[in-house]
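6 protein chains.
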Amino acid sequence: MATLGLIEYRDASPEVRAVYDDIMATRQTDSVNNFWKAIAHDPATLRRTWESVKQVMMPGALDALTKEMLYVAISASNQCGYCIASHTAAARKAGMTDAQFGELMAVVGMANETNRLASGYQVEIDERFRIP
Amino acid sequence: MATLGLIEYRDASPEVRAVYDDIMATRQTDSVNNFWKAIAHDPATLRRTWESVKQVMMPGALDALTKEMLYVAISASNQCGYCIASHTAAARKAGMTDAQFGELMAVVGMANETNRLASGYQVEIDERFRIP
Amino acid sequence: MATLGLIEYRDASPEVRAVYDDIMATRQTDSVNNFWKAIAHDPATLRRTWESVKQVMMPGALDALTKEMLYVAISASNQCGYCIASHTAAARKAGMTDAQFGELMAVVGMANETNRLASGYQVEIDERFRIP
Amino acid sequence: MATLGLIEYRDASPEVRAVYDDIMATRQTDSVNNFWKAIAHDPATLRRTWESVKQVMMPGALDALTKEMLYVAISASNQCGYCIASHTAAARKAGMTDAQFGELMAVVGMANETNRLASGYQVEIDERFRIP
Amino acid sequence: MATLGLIEYRDASPEVRAVYDDIMATRQTDSVNNFWKAIAHDPATLRRTWESVKQVMMPGALDALTKEMLYVAISASNQCGYCIASHTAAARKAGMTDAQFGELMAVVGMANETNRLASGYQVEIDERFRIP
Amino acid sequence: MATLGLIEYRDASPEVRAVYDDIMATRQTDSVNNFWKAIAHDPATLRRTWESVKQVMMPGALDALTKEMLYVAISASNQCGYCIASHTAAARKAGMTDAQFGELMAVVGMANETNRLASGYQVEIDERFRIP
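Residue numbers (the numbering used here), protein chains in the order written: chain A, 31 to 162; chain B, 31 to 162; chain C, 31 to 162; chain D, 31 to 162; chain E, 31 to 162; chain F, 31 to 162.
Check before you lean on any hint, since a few could be wrong.
Copies of one chain are not kept apart here, so a pair can be met inside one copy or by any two copies together.
The calculated lysine to any residue pairs, modelled on SDA-like cross-linking and capped at a C-alpha distance of 25 Å, are [unchecked claim]:
hint	residue 1	residue 2
1	K123	G35
2	K84	W66
3	K123	R57
4	K123	Y39
5	K123	F159
6	K123	A91
7	K123	I155
8	K84	L95
9	K123	D51
10	K123	E154
11	K123	V83
12	K123	D156
13	K84	V49
14	K123	I161
15	K123	Y50
16	K123	E45
For the record, the hints were derived by calculation from the structure and aren't laboratory data.
With the hints as extra help, turn the sequences into a complete structure.
Spelled out as structure tokens, the structure:
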């Protein structure tokens with residue numbers, strides 16, 4: 031299921047359980063994704079990554095749905111199958127409609143296309159976009 | 031300035047000028063980015079790409095700012111210097127605040143990190159994220 | 031099993047068998063990975079790639095374990111499922127502990143994050159890092 | 031110099047200065063890289079990223095030099111010019127010799143090559159590399 | 031089968047059917063790939079993408095086989111499993127021999143290797159390759 | 031000019047000079063690209079990479095121009111500025127016309143777009159594209 035297997039709640043150390051508990055409380059679910067169960071083999075990485083994700087994904091200047099759609103866009107660009115599946119599910123849970131998903135994908139496609147046209151044509155940055 | 035140089039308006043064919051005119055009218059500016067001047071060497075690509083970008087970036091289920099921020103996120107993930115510069119400028123023009131830019135970058139960073147933790151730990155997709 | 035199928039030892043030409051023999055002798059195993067059996071359809075690529083890998087992965091200024099961990103780090107960054115699986119196994123065979131794997135993944139995650147923060151914020155290279 | 035400019039120590043808030051102070055103390059230098067001065071526009075990202083990098087790059091199961099070389103390998107694979115420059119400098123400071131750099135680059139090259147041969151030939155993961 | 035499922039011909043709207051019909055007529059087949067059936071959930075993306083692909087892949091200054099091999103090369107570099115499978119099949123249909131596939135993969139491998147040696151060694155562009 | 035500087039012919043060891051001589055003889059030029067002068071700091075990598083590139087880029091089942099265009103396509107997808115510049119120059123020397131370059135870029139753009147639509151929509155490989 032993962033390089034070192036998945037650590038289920040019942041088999042987890044108190045340190046790992048504390049993170050699992052916070053994940054479930056924050057996300058208001060009663061289960062933890064495989065991602066967390068896999069990296070739980072390294073409790074320091076589990077805690078650091080969860081604390082960071084929790085802080086970064088909290089609604090602020092950007093709302094929760096926008097943040098999840100950004101995650102999907104990046105995961106699709108990076109060809110990360112796991113992340114596309116889990117964050118598409120998260121975006122839907124945050125309210126993403128089919129129409130929003132369609133437009134999201136359309137932007138992902140165009141950005142990846144024009145990123146390569148810009149590099150392939152060796153386009154120099156316009157003077158007015160340069161940072162002084 | 032670009033592989034085949036930049037085609038300025040005064041030197042452009044009527045076909046290319048028509049696209050430039052539509053770009054300036056749509057974006058309500060009086061200039062055209064280097065990107066379009068570079069790919070104008072291939073009028074078919076210029077027209078097709080512009081028509082696609084115009085359609086995709088038009089506000090719809092997602093607003094203009096969200097679309098520009100998605101573009102920045104993907105361009106940063108892909109290390110496209112030109113696109114980061116031009117779409118960060120476009121996002122600012124669409125109203126992106128410093129706080130929004132900060133949160134955008136934070137998500138970009140975390141997504142690129144967890145994309146690799148998921149692949150490196152060989153995490154299998156959770157059953158409930160699988161598409162039936 | 032692969033685009034052109036896998037070429038097993040019993041079905042291999044003498045030229046391909048010679049490479050398989052060298053792989054098994056060098057690695058002190060009695061089997062050859064699917065990777066080699068797949069590219070064996072092009073004996074020139076099989077030979078060239080094996081000779082290169084053999085030369086590059088030989089312990090020298092860097093030891094075998096460090097080299098395998100570098101391979102895992104790059105494969106995880108590139109989302110190459112096959113390479114992550116095979117080189118994680120190779121790194122373990124070379125002595126990688128769970129603690130080392132955990133720290134390896136932590137660096138992979140952070141590097142992929144800060145790579146994008148650096149590009150997204152358009153950070154210019156510090157004068158003292160520039161090559162004269 | 032960066033999207034939002036660089037925040038120098040003299041212009042920094044107490045919160046940002048505290049991070050700069052910790053960076054300089056931890057690294058035993060009297061200056062802070064442009065990277066930190068650029069992301070300092072978002073103090074939350076500055077603090078979180080620094081705390082994570084400090085924790086991850088601390089010598090543990092892997093020594094400081096190995097960690098810096100992993101950083102260089104990933105940055106080269108990702109084409110992040112800033113990160114290649116800064117982490118190559120950091121690896122040298124941690125003792126990387128020219129011979130080690132040469133072998134590091136050789137592994138980076140081969141891994142990026144075989145990552146694509148594996149995907150292009152659609153090689154299936156060997157049964158013995160599969161996680162049960 | 032895909033995020034939103036696949037839309038079969040029998041279930042498709044007239045708008046989607048018209049695109050499917052054009053795909054089958056242009057490609058002289060009696061079926062439509064999963065790719066099109068998946069993006070058909072967004073008819074605007076379906077139409078735009080098909081019209082673009084049809085225009086771009088039409089033989090012109092480059093023949094159909096060369097264009098399909100370019101597609102395979104890029105898909106392998108990007109680790110897109112779906113695209114590698116479908117475009118390798120398309121390249122074969124366009125006449126790609128095993129020998130051509132072998133050389134194609136060899137170039138893909140070398141290009142991905144030297145792309146990273148060039149970035150990792152921080153090689154500056156030769157004056158004579160610079161665009162004036 | 032590069033991490034370890036460039037090694038000019040006059041300063042090169044006999045071993046490095048032998049490779050430079052072969053490069054100039056094979057390519058019928060009287061100069062050597064910065065790429066080779068940069069990696070010459072590691073004569074083993076210089077020799078291995080040159081021998082591999084020479085073998086792979088030699089016309090065979092694919093002609094020289096097709097191979098150079100594949101190199102440009104991959105380099106543009108990977109955002110390798112050095113490689114885009116040097117291989118676009120090489121492709122021109124091998125006879126690439128402006129029209130061919132235009133179609134090459136158009137394919138690069140579309141492939142990078144549809145690679146992400148395929149991953150983002152989580153499209154499953156069609157049964158008939160699967161390798162038995």
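Consistency of the hints with the structure:
{"no.": "1", "hint": "K123 - G35", "result": "between (27 Å within a copy, 18 Å between copies)"}
{"no.": "2", "hint": "K84 - W66", "result": "both (13 Å within a copy, 22 Å between copies)"}
{"no.": "3", "hint": "K123 - R57", "result": "within (11 Å within a copy, 34 Å between copies)"}
{"no.": "4", "hint": "K123 - Y39", "result": "within (24 Å within a copy, 30 Å between copies)"}
{"no.": "5", "hint": "K123 - F159", "result": "between (37 Å within a copy, 12 Å between copies)"}
{"no.": "6", "hint": "K123 - A91", "result": "both (20 Å within a copy, 17 Å between copies)"}
{"no.": "7", "hint": "K123 - I155", "result": "between (39 Å within a copy, 17 Å between copies)"}
{"no.": "8", "hint": "K84 - L95", "result": "both (14 Å within a copy, 24 Å between copies)"}
{"no.": "9", "hint": "K123 - D51", "result": "within (20 Å within a copy, 35 Å between copies)"}
{"no.": "10", "hint": "K123 - E154", "result": "between (41 Å within a copy, 21 Å between copies)"}
{"no.": "11", "hint": "K123 - V83", "result": "within (17 Å within a copy, 29 Å between copies)"}
{"no.": "12", "hint": "K123 - D156", "result": "between (40 Å within a copy, 16 Å between copies)"}
{"no.": "13", "hint": "K84 - V49", "result": "both (11 Å within a copy, 21 Å between copies)"}
{"no.": "14", "hint": "K123 - I161", "result": "between (39 Å within a copy, 15 Å between copies)"}
{"no.": "15", "hint": "K123 - Y50", "result": "within (20 Å within a copy, 32 Å between copies)"}
{"no.": "16", "hint": "K123 - E45", "result": "neither (28 Å within a copy, 30 Å between copies)"}
Against the hints set out earlier in the document, a violation occurs for number 16 only.
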